[in-house]
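Trainee: All chains, please: the whole structure from these sequences, using the hints.
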Amino acid sequence: MSDGGEGASRPKLSVESVCKRFGDRVVLNDIDLAVAEHEVVCLIGGSGSGKSTLLRCIDLLDPIDRGRILLDGADIGSGQVNSNSVRRRIGIVFQSFNLFPHMRIMDNVTLGPRKALGIPRAEAEERAGALLARLGLSEHARKYPDQLSGGQQQRVAIARALVSEPEVLLLDEITSALDPELVGEVLSTIRELADGGMTMVLATHEMGFARDVAHRIAFLDAGRILETRPPGQVLSAPTEARTRQFLQRVIDAGRL
Amino acid sequence: MAEPGWGHPDAGEVTPAPPDRGVHREEGVRGALIAGASTVVFLAVIGWLILRSPNWPKVRDQFFDLELLADSWPAVLRGFWVDVQMFAWGIVAIPMLALLLAVARSFRGPAFFPIRALAVIFIDIMRGVPLVLLILLLGFGIPALQIPGLPTSAIFWGVTALTLSYSAYTAEIFRSGIDSVPESQRSSARSIGLTQWQTLRFAILPQAIRNVVPAFMNTVVSLQKDVALVSVLGVREAVREAQIISARTFNYTAYIAATRLFLAFSIPLVRFVDWYTRRDRVRRSQVAV
Chain A
1 MSDGGEGASR
11 PKLSVESVCK
21 RFGDRVVLND
31 IDLAVAEHEV
41 VCLIGGSGSG
51 KSTLLRCIDL
61 LDPIDRGRIL
71 LDGADIGSGQ
81 VNSNSVRRRI
91 GIVFQSFNLF
101 PHMRIMDNVT
111 LGPRKALGIP
121 RAEAEERAGA
131 LLARLGLSEH
141 ARKYPDQLSG
151 GQQQRVAIAR
161 ALVSEPEVLL
171 LDEITSALDP
181 ELVGEVLSTI
191 RELADGGMTM
201 VLATHEMGFA
211 RDVAHRIAFL
221 DAGRILETRP
231 PGQVLSAPTE
241 ARTRQFLQRV
251 IDAGRL
Chain B
1 MAEPGWGHPD
11 AGEVTPAPPD
21 RGVHREEGVR
31 GALIAGASTV
41 VFLAVIGWLI
51 LRSPNWPKVR
61 DQFFDLELLA
71 DSWPAVLRGF
81 WVDVQMFAWG
91 IVAIPMLALL
101 LAVARSFRGP
111 AFFPIRALAV
121 IFIDIMRGVP
131 LVLLILLLGF
141 GIPALQIPGL
151 PTSAIFWGVT
161 ALTLSYSAYT
171 AEIFRSGIDS
181 VPESQRSSAR
191 SIGLTQWQTL
201 RFAILPQAIR
211 NVVPAFMNTV
221 VSLQKDVALV
231 SVLGVREAVR
241 EAQIISARTF
251 NYTAYIAATR
261 LFLAFSIPLV
271 RFVDWYTRRD
281 RVRRSQVAV
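Line by line, the protein sequences give chains A and B.
Straight run, no breaks: the first sequence in my numbering ends on number 256.
Straight run, no breaks: the second sequence in my numbering ends on number 289.
Among the hints, a few may not be true.
[What the hints assert, rightly or not] Between beta-carbon pairs, the in silico distance windows are:
id, chain 1, residue 1, chain 2, residue 2, range
1, B, V282, A, A253, 37 to 43 angstroms
2, A, S78, B, L100, 29 to 35 angstroms
3, A, R121, B, R283, 24 to 30 angstroms
4, B, E183, A, P230, 35 to 41 angstroms
[Claimed, not checked] Covered, in the sense of this in silico footprint (three residues per stretch, anywhere, with C-beta under 8 angstroms from a C-beta of chain A), are these stretches of chain B:
id, stretch
5, 189–201
6, 205–217
[Unchecked claim] Derived, one-sided and incomplete: chain A residues facing chain B with beta-carbon distance under 7 angstroms:
id, residue
7, R88
8, I92
9, S188
What the hints contain is simulated information worked out from the structure, not anything from laboratory work.
Beta carbons: idealized from backbone N, C-alpha and C, even for Gly.
Mentor: Structure follows, in structure tokens:
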């Protein structure tokens with residue numbers, strides 16, 4: 001990558017003063033977030049705090065009302081950049097997997113490369129095959145999504161997001177829809193990606209995991225980011241009263 | 001925002017459990033006997049009622065003249081072949097136009113407003129005009145304009161009218177299929193970099209079409225009978241042939257010949273549709289377990 005003069009300090013992804021409302025309801029209220037290359041940022045906060053919406057806005061799945069989103073310093077939400085090509089550079093994995101039920105696992109994973117990037121089928125399948133092997137899913141390549149467990153489906157969804165070699169990976173509460181015993185396999189996949197230097201923003205309710213894997217944790221409340229600091233500080237010594245309340249509820253629920 | 005309810009591709013669809021085959025088989029023999037006996041009794045009563053009605057001998061001669069049946073058979077059969085051809089053309093053209101309309105209606109964004117509006121207007125008009133009127137208007141109206149290059153064949157315009165009307169209804173079926181695909185499928189297709197068109201083509205439509213096959217097949221059954229409406233243009237299909245014969249002989253037996261042909265064609269079709277629909281439902285309920 002050819003960096004400009006200020007390249008070293010420029011964040012990979014930055015969200016600047018982003019506002020988003022659904023009708024009268026303000027979902028994102030003046031959000032600022034900068035993510036460095038190879039950094040892992042966890043978004044925590046109650047349901048309805050705006051975590052998912054923020055991720056969807058970053059991937060241009062929902063339009064923002066105000067503010068800017070920059071990828072490598074370029075404004076991707078301005079309409080001057082082709083949003084389809086932006087989405088190819090950012091991967092997202094959803095809470096409920098959202099695999100294509102009418103396609104085999106291999107086709108689910110290769111659809112993006114083949115249609116969006118125009119890679120020939122053989123090459124796309126080779127690439128997808130290697131990725132599925134890495135995630136321990138090779139034996140399922142010819143199956144349909146409903147023949148797989150939730151954890152396997154979620155790992156396929158991760159493979160589908162990774163196969164186009166995105167520069168940033170967004171994960172939206174990807175273990176929330178899983179049975180407890182299936183959470184581990186998905187989290188260990190994410191940990192490997194983090195160790196491999198993938199730039200990630202993940203919304204999660206798994207506080208223990210967030211503490212392990214995140215470089216920084218951002219606490220969202222009612223559409224605002226109240227604090228963004230290293231996990232030890234946010235989780236052990238939160239400065240905000242709202243953060244303390246939230247963490248207390250999490251602890252009471254036995255999740256930390 | 002989390003998207004509740006789409007955890008499983010078929011979540012939210014309420015499907016009845018498949019019947020318990022074991023119980024079915026035990027009751028099978030006794031059930032078949034009862035069903036058989038009650039059917040025989042039922043038919044006997046109906047038959048007795050008809051045969052003892054005072055006008056039966058007259059009706060028998062008017063509708064069931066065996067000699068006339070044999071005589072009218074070749075002409076009516078020839079006419080029915082025309083019906084089958086019109087049906088075949090319709091069954092190819094209708095889904096294509098309907099899909100086009102449904103896709104036009106489901107395109108998003110203000111830029112596509114004119115396309116959406118045109119599709120809606122077309123569908124509204126086609127659903128608002130009685131089919132027989134549409135056939136008359138196109139079949140007599142357009143050839144009368146004598147526009148060079150346009151076909152003047154009544155069959156052509158009859159099939160066109162059927163296609164226009166049926167595709168409006170079928171477009172609504174397809175659209176409900178498109179709407180039945182969860183929004184999250186669209187998000188996930190867009191997120192891997194597909195364009196709006198590719199999203200529709202590879203992610204949404206394959207699922208939408210699968211969802212509406214049973215509903216569409218019902219339309220096919222009804223088209224198979226409605227092709228007879230083209231007879232109003234004088235096209236010599238089965239009903240028209242029967243009409244000609246009955247006008248000549250003052251006897252309605254030829255209509256019975258036509259009825260038998262339509263039934264011979266549509267009953268297997270209806271059975272097939274039922275079988276397919278049931279199989280589809282069972283398959284889905286198994287997936288949902």
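Trainee: Now look at each hint and say whether the structure bears it out.
Mentor: Hint by hint, here is what the structure shows:
Restraint check, V282(B) to A253(A): a C-beta distance of roughly 41 angstroms satisfies the suggested window 37 to 43 angstroms. In this structure, S78(A) and L100(B) meet the distance hint of 29 to 35 angstroms, their C-beta atoms being roughly 34 angstroms apart. Distance hint check: the CB atoms of R121(A) and R283(B) are about 28 angstroms apart, consistent with the given range 24 to 30 angstroms. Take E183(B) and P230(A): their Cβ atoms lie about 36 angstroms apart, and the range 35 to 41 angstroms holds.
Counting residues of the stretch 189–201 of chain B whose C-beta sits closer than 8 angstroms to any C-beta of chain A gives 8, which meets the bar of three, so the coverage hint holds. Evaluation of the coverage hint for the stretch 205–217 of chain B: fulfilled, as 3 residues show C-beta separations to chain A shorter than 8 angstroms, against a requirement of three. Interface restraint check: R88(A) against chain B, minimum CB-CB distance 4 angstroms, threshold 7 angstroms, status holds. Given hint, I92(A) at the interface with chain B, holds; its Cβ is 5 angstroms from that chain's nearest Cβ, closer than 7 angstroms.
With its C-beta approaching chain B no nearer than about 22 angstroms, S188(A) sits outside the 7 angstroms limit, and its interface hint is violated.
Hint 9 alone, counting from the list given before, is not met by this structure.
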